[in-house]
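My request is simple: use the sequences and hints to build the entire structure.
Letter by letter, the chains look like this.
Protein chains: 2
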Amino acid sequence: MEYAKMTPQQLQAEYDAVSARFQELKEKGLKLDMSRGKPGKAQLDMVSDLLSALTDPADCIVDGMDVRNYGELSGLPCAKAYFAEILGCKSEECFIGGNASLNLMYDTIAKAYTHGLLHSEKPWAKLDKVKFLCPSPGYDRHFKISESFGMEMITIPMTADGPDMDAVEQAIQDPAVKGMWCVPKYSNPEGVIYSDETIRRIAGMKPAAKDFVLMWDNAYCIHEFDGDFVPFPDILSLCREAGNPDMVFEYASTSKVTFPGAGISVMATSVDNMKYMTGLMSIQTISYDKVNQLRHVRFLKDKAHTLELMKKHAAIMKPKFDAVLEALDAEIAPLGIAQWKRPKGGYFISVDTMDGLAKRTLALCKEAGVVMTGAGATFPYGVDPRDRNIRIAPSLPPVEELETAIQVFCTCLRLAALEKLMA
Amino acid sequence: MEYAKMTPQQLQAEYDAVSARFQELKEKGLKLDMSRGKPGKAQLDMVSDLLSALTDPADCIVDGMDVRNYGELSGLPCAKAYFAEILGCKSEECFIGGNASLNLMYDTIAKAYTHGLLHSEKPWAKLDKVKFLCPSPGYDRHFKISESFGMEMITIPMTADGPDMDAVEQAIQDPAVKGMWCVPKYSNPEGVIYSDETIRRIAGMKPAAKDFVLMWDNAYCIHEFDGDFVPFPDILSLCREAGNPDMVFEYASTSKVTFPGAGISVMATSVDNMKYMTGLMSIQTISYDKVNQLRHVRFLKDKAHTLELMKKHAAIMKPKFDAVLEALDAEIAPLGIAQWKRPKGGYFISVDTMDGLAKRTLALCKEAGVVMTGAGATFPYGVDPRDRNIRIAPSLPPVEELETAIQVFCTCLRLAALEKLMA
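Those protein sequence lines, which keep their order, are chains Z and A. Here the first sequence is numbered in my numbering, starting from 12 and rising by one per residue. Here the second sequence is numbered in my numbering, starting from 12 and rising by one per residue.
Please keep in mind that the hints were generated in silico from the structure rather than gathered at the bench. Heads up, some of the hints might be wrong.
You can't tell identical chains apart in this list, so a pair holds if it fits in one copy or across any two.
To be verified - Each computed DSS-like pair below joins lysine-lysine, with the alpha-carbon atoms no more than 25 Å apart:
#1 137 <-> 155
#2 221 <-> 137
#3 286 <-> 155
#4 377 <-> 155
#5 101 <-> 314
#6 329 <-> 314
#7 377 <-> 431
#8 133 <-> 42
#9 322 <-> 155
#10 314 <-> 155
#11 322 <-> 221
#12 355 <-> 377
#13 39 <-> 52
#14 286 <-> 323
#15 322 <-> 352
#16 133 <-> 155
#17 137 <-> 37
#18 221 <-> 355
#19 314 <-> 16
#20 137 <-> 217
#21 140 <-> 312
#22 101 <-> 155
Put into structure tokens, the structure is as follows:
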């Protein structure tokens, strides 16, 4: 029965029952983590052969170079070819980075501030105001980068098709709006795949700022856990065709393909941007870790082989997502206190509670030993205006633990709703 | 016989002979590289076991964490302990970075510009002028960082004891002087070890700028190729004792211990600086590659074991340095046209020619197929005011090739000197 339709007596009875259940769970002294999109141990064990994918020094000579020595700033040709096939762009548009695409994103923004981008009139540090579009709910680490550099973040509502493009097209008329964060496939946290029409409108934007930068974080581009690989368009081509060749920087990594934090990353952008950025990056480093680049290419081979591996990840991930969704369907759906998406890829389930429940729900979870991403984290400045979005990351705990954790979550959400309705 | 004492006839005869020799060498169509401090293949092959130092997934759990997963921004405790022992500082003063200490240095400067350092009143990007002290000849990549950020570089003469401290102490009275680059042991390119007295004066500096940063690049701290390991003082302790606890950032890496560009790096600084910087770096990345950190700790073990390995590097390096020095002694010393240091560690031999010969010598080398570090590179803005310093990097070519390369160099230097004396 929906909580909203309950009589005060019914609410009180429900409150007593849920409180008792909460106390029970609390007394278990749990210590469970659904806070971040960390792959689980079974996924790591599955790719153990990466560790021995490059052990013979004779194998370290490739593309005419010794990967063990200095050089080749933009990365190994074979690593560029690998990512170009995955992303559908050209090899020469790929820059191979270190163990974190986040670092490449940060460095792009940092260079915009210290040196300016290719089409900047001056470094952003010299501007009075820099604004950035933040489709929300979105990825907290993107927003933290913007916040760290003192940007004014503009919340753009997310729709089932991606960012609200009417709002975007309006906002970019302001020349102080210098860019936008996007996770186009299995968006963090909602798991939305941007529609073709949305992507077409994004590629064709006409921002007032000549150095507007589309931060295209394709973090989950091959990360289906339910069903077959869903092809995605090459944003570099689309931007080029729309007359915006230098507007976009695309990012991806093997963090959720091999080892998170010990993989390789890529930044894809136009050849003109590449030339400009490698000029700046040649001051920052001699090259990223080419041994690890080659190790990955040997292990992952190509797109087809990588997609096979992703199927194995999916086999581990799907039961976890199912466990969460089944619990939500059984425990929460009948109560009318929250809604959620049913993603087919990515690392998150995004729950929208009744307004004003997110913080309280997560505080209760914490009390019961279940750590979740902080409430508000999916919005700029960590402030969810309706205090309702909760990001569930089911990947790390084994299914048994996860089932307990989601029970805790459902109980806490019910308790928070009851408190609110009875207040 | 010294060229300066030759009669015009003698000079002409010598010129004819050296020119003929140059033509001979040129016709060989050589392609030799003495441009950068790249270890040679024999050194890389010697550390091949690093590739298989971590192949069992069970070995990936250390210090209570799975190094294959996200987390631990400042690095693995065992990696911190490893570098703390090498540098003589404390574990908690160590931040373990990716494959390049250069990247950590760049990022420190970049953060000074975008966010300011711990004691900065404002980000350096907001200042009209930032000046930086550049002991010269010095490391071109340091100077390039300063140049890229638009700093005004102030040349500080190098002495046999390190930077001219009278000049330094004078310069730091200017509050626009925000820092200094140092390579304290086997300085690049001269191989100078800063004297205890110089280091004491550096640690005790009283700069007008409260956020003055001592960029202490200890790149060659264990890199003796001739003789035993030479202990060096812990600059962090010295600065702390002198009342400058937060003035210094020290950098080192395994680039010339294991694989250049595929090793691990460290930034050591006060706990207060560490707290401030990791706050900023937590926005930039989740962590650096912990798998490679653990791989290195397993392979290198500890300081004693690493010093044993460095003896093996020395056995490969010393004959190369000897070949260069022997050729210079035999071919150049009697002519009175250049002087050079005789380093016992590091990666370079620094030659000071008669004024005005460096550019021409290197242009001739290039003509004859021998690539060297560009003339002027060892000075700010790439301009050597006396056009005389040449950095020789003997590590990459095998000894036979090196012997040819240095013959080319000596011939070109003689020719350049003769051209000048006969002009």
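Status of the hints after comparison with the structure:
For the homomeric pair residue 137 and residue 155, the shortest alpha-carbon distances inside one copy (21 Å) and between copies (21 Å) are both at most 25 Å. Taking the shortest Cα distances, residue 221 and residue 137 sit within 25 Å of each other both inside one copy (16 Å) and across copies (23 Å). Only between protomers do residue 286 and residue 155 lie at most 25 Å apart by alpha-carbon distance; the minimum there is 18 Å, versus 28 Å within a single protomer. Taking the closest pair of Cα atoms, residue 377 and residue 155 come within 25 Å of each other only inside a single copy of the chain (23 Å); across copies the shortest separation is 49 Å, beyond that limit.
Taking the closest pair of Cα atoms, residue 101 and residue 314 come within 25 Å of each other only inside a single copy of the chain (14 Å); across copies the shortest separation is 45 Å, beyond that limit. Within a single copy, residue 329 and residue 314 get their C-alpha atoms as close as 21 Å, which meets the 25 Å cut-off; across copies the closest is 47 Å, which misses it. With identical chains, the CA atoms of residue 377 and residue 431 are at most 25 Å apart within one copy only, with a shortest distance of 19 Å there and 79 Å across copies. Neither within a single protomer nor between protomers do residue 133 and residue 42 lie at most 25 Å apart by alpha-carbon distance, with minima of 49 Å and 42 Å respectively.
When the C-alpha separation of residue 322 and residue 155 is checked against a cutoff of 25 Å, the pair qualifies neither within a copy, at 32 Å, nor between copies, at 46 Å. In this assembly of identical chains, residue 314 and residue 155 lie within 25 Å of each other by CA distance neither inside one copy nor across copies; the values are 32 Å within and 39 Å between. In this homomeric assembly, residue 322 and residue 221 never come within 25 Å of each other (Cα to Cα): the closest approach is 41 Å inside a single copy and 56 Å across copies. In this assembly of identical chains, residue 355 and residue 377 lie within 25 Å of each other by CA distance neither inside one copy nor across copies; the values are 28 Å within and 59 Å between.
In this assembly of identical chains, residue 39 and residue 52 lie within 25 Å of each other by CA distance solely inside one copy; the values are 24 Å within and 58 Å between copies. In this assembly of identical chains, residue 286 and residue 323 lie within 25 Å of each other by CA distance neither inside one copy nor across copies; the values are 38 Å within and 40 Å between. In this assembly of identical chains, residue 322 and residue 352 lie within 25 Å of each other by CA distance solely inside one copy; the values are 22 Å within and 61 Å between copies. Taking the shortest alpha-carbon separations for residue 133 and residue 155, both the intra-copy value of 23 Å and the inter-copy value of 20 Å come in at or below 25 Å.
Taking CA atoms no more than 25 Å apart as the test, residue 137 paired with residue 37 passes in neither setting, with 52 Å inside one copy and 51 Å between copies. For the identical chains of this complex, residue 221 and residue 355 are neighbours neither inside a copy (36 Å) nor across copies (54 Å), given an alpha-carbon limit of 25 Å. For the homomeric pair residue 314 and residue 16, neither the shortest alpha-carbon distance inside one copy (52 Å) nor that between copies (71 Å) is at most 25 Å. Taking the shortest alpha-carbon separations for residue 137 and residue 217, only the intra-copy value of 23 Å comes in at or below 25 Å, while the best inter-copy value is 30 Å.
Proximity of residue 140 and residue 312 under a CA criterion of 25 Å is satisfied in neither setting, with 45 Å inside one chain copy and 50 Å between copies. In the homo-oligomer, the alpha carbons of residue 101 and residue 155 never lie at most 25 Å apart, since the shortest distance is 31 Å inside one protomer and 30 Å across protomers.
In this structure, the hints that do not hold are numbers 8, 9, 10, 11, 12, 14, 17, 18, 19, 21, 22, in rising order.
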